[in-house]
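Residue numbers (the numbering used here): 1 to 105.
By construction, these hints were calculated from the structure, which means they are not laboratory data.
Bear in mind that the values here come from a model prediction, so they are computed numbers and not experimental data.
The beta-carbon is built from N, C-alpha and C at its ideal position, and this holds for glycine as well.
Some clues are possibly wrong.
[What the hints assert, rightly or not] Computed beta-carbon distance windows for the label pairs:
hint, residue 1, residue 2, range
1, A66, L100, 30 to 38 Å
2, T85, P15, 14 to 22 Å
3, L100, T3, 27 to 35 Å
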Amino acid sequence: MVTIPDYFTCHKQTPFFKRDSVPAALLSWHNTRAGVYARLSVMRGGICFTGFRGETQEIEREVIVAAGQFLVAPPQYWHKIALLTEDTCFNLDFFSDPQLHDTAE
Numbered sequence: 001m002v003t004i005p006d007y008f009t010c011h012k013q014t015p016f017f018k019r020d021s022v023p024a025a026l027l028s029w030h031n032t033r034a035g036v037y038a039r040l041s042v043m044r045g046g047i048c049f050t051g052f053r054g055e056t057q058e059i060e061r062e063v064i065v066a067a068g069q070f071l072v073a074p075p076q077y078w079h080k081i082a083l084l085t086e087d088t089c090f091n092l093d094f095f096s097d098p099q100l101h102d103t104a105e
């Protein structure tokens, strides 16, 4: 399990996304920025998180994140998500070294 370093702080939060508001970029192959951890928190429904090996589209892992659970993606980790239910609701929080916030966004 990936953990966010204790000294990192949250520098950005998304609104709560639902099926009709989730950005298309999250549903396709993308990565987290250098130095930034992303925490996916599911409030309702479920999400399938698919992680890839490096910049390949070879699947490394698939994790089901249910309501009340969260998952952390490390910096520069290629992944995509899929909403599993019609009522899925989730958000993302982004964490970085507080001394580097200006460059992490």
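Right, here's what the structure says about each hint:
Against the hinted window of 30 to 38 Å, the Cβ-Cβ separation of A66 and L100 comes to about 32 Å, which satisfies the hint. At roughly 19 Å, the beta-carbon separation of T85 and P15 lies within the given 14 to 22 Å, and the hint holds. Range check, L100 to T3: about 18 Å between beta-carbon atoms, so the 27 to 35 Å window is missed.
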